[in-house]
Amino acid sequence: MNYTQTLDYLFSSLTSFQEKGEAAYKPGLERISSFCRHLGNPQRNFFTIHVAGTNGKGSVSHILASVLQQAGYRTGLYTSPHLTDFRERIRVDGEMIPKQKVVNFVDKHFEKMNELGLSFFEISTALAFDYFAQSDVEVAVIETGLGGRLDATNIVVPILSIITNIGLDHTSLLGDTLEAIASEKAGIIKKSIPVLIGEHNETTDSVFAEAATALKSKLLFAEDIFHCTEHSSKEASQSFHLIRTRDEHPFDVEIDLTGDYQLHNVLTASAAADFLHEETPLTISRRAFREGIRTAAANTSLHGRWQQLSDKPLVICDTGHNAHGLAYVAEQLRRSQCEKLYCVIGFVKDKEIGSCLQLLPKKAHYLFTAAHSERSLPASELAEKAADYGLAGEVVEGVSNALNRARELASEQDMIFVGGSNFVVAEVL
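Position one of the sequence shown corresponds to residue 857 (my numbering), numbered consecutively onward.
Think of the hints as simulated: they come from the structure by calculation, not from any bench.
One thing to keep in mind: the hints can contain errors.
Unchecked claim - The list that follows gives simulated cross-link-like pairs (lysine-lysine, DSSO-like), each with its CA atoms no further than 27 Å apart:
(1) 1196 - 1219
(2) 1196 - 1218
(3) 1074 - 1046
(4) 1218 - 1207
(5) 1072 - 1090
Required output: the full structure, derived from the provided sequences and hints.
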């Protein structure tokens, strides 16, 4: 098979959550454990940092990988979903896995994958582990796919576990309360392995405390390790004046990402880098820490996080797709300085979108659309649901058509926002 045929096999013969949604979810670690034993347990050949959470886990993973690269370590990065190319999921020192490596892996292990009935995500995870081992990776940042306890990535034994935050998402699979979801995410905590929580939450802090105590794992909260006293934004970056709480030591950091919500992710990544330097075999200099954050998006090709696509009119896209994440996006939209706001939005049909729609600005003009995915909610249905929340506009079939229509309507002083789902953002990128 060539690369195109290999991808066709992965996406059509195997069930992908990105393509099929909840029907693709295959919980349990038995299959991935068996397959990795077949591969020689490549995940044991490098240090790992395991990252879970409702939102921010992708940004935290990219920031940490960038910091580790700047510290001189050969660094693997495994994230999901991808936006435009499957290979975005698997990177070494910022470079995507070569196409031929994907082809060779599938060709070599085709029979075993089918014998075990592996899911798309399980194969992707094992491919990442195998490629990292082949590439002499020294440390890998591994992002969970969904949940934590039963996620395929949970066979790693990390030097640090990170849980960014907890919000209501995938409730039919993970539970319909914050406590239930926190319990699933806490499933990545390993015996005697420290765990860092990105954000305090009075509802879920006790869940993590109980899990950490039961496993004799050190529990850390990023907001207790660093706090921010000053924040300023530029066109393509933002700066933070951080204070390390234990010694009041100041750190001035800049990041090449502009979403205001990145403050939470910078604090979490900073606390993680501090812990890794102080309490693990890894050494991260202050220079590597600052430079790694400053070039996080550039080093790791992170896209779709409050990303500016053009100006006059200003066009911004963001992959926030649940209420917890969209709350930050909506607040930044309200604060944006523009004459009129146009929003190109589409959602997947297996998402509880009422909690998302109620957050969006009512004064905007909406272009309701749907991405080219069988999971997408039809644009006309989205418009009907949005009307219940006071959101008005027009239905435009096709994301590119919707964006073009927004450009027709907008003046140079206006703003266009594109979001609602990863699929919508992927199509504009």
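Outcome of the hint check:
1. 1196 - 1219: At roughly 8 Å apart (the allowed maximum being 27 Å), residue 1219 and residue 1196 satisfy the hint.
2. 1196 - 1218: holds (12 Å)
3. 1074 - 1046: holds (10 Å)
4. 1218 - 1207: This hinted pair holds, its Cα atoms lying about 21 Å apart.
5. 1072 - 1090: Violated: residue 1072 and residue 1090 sit about 43 Å apart, past 27 Å.
Violated hints amount to a single one, hint 5; each of the other numbered hints is respected by the structure.
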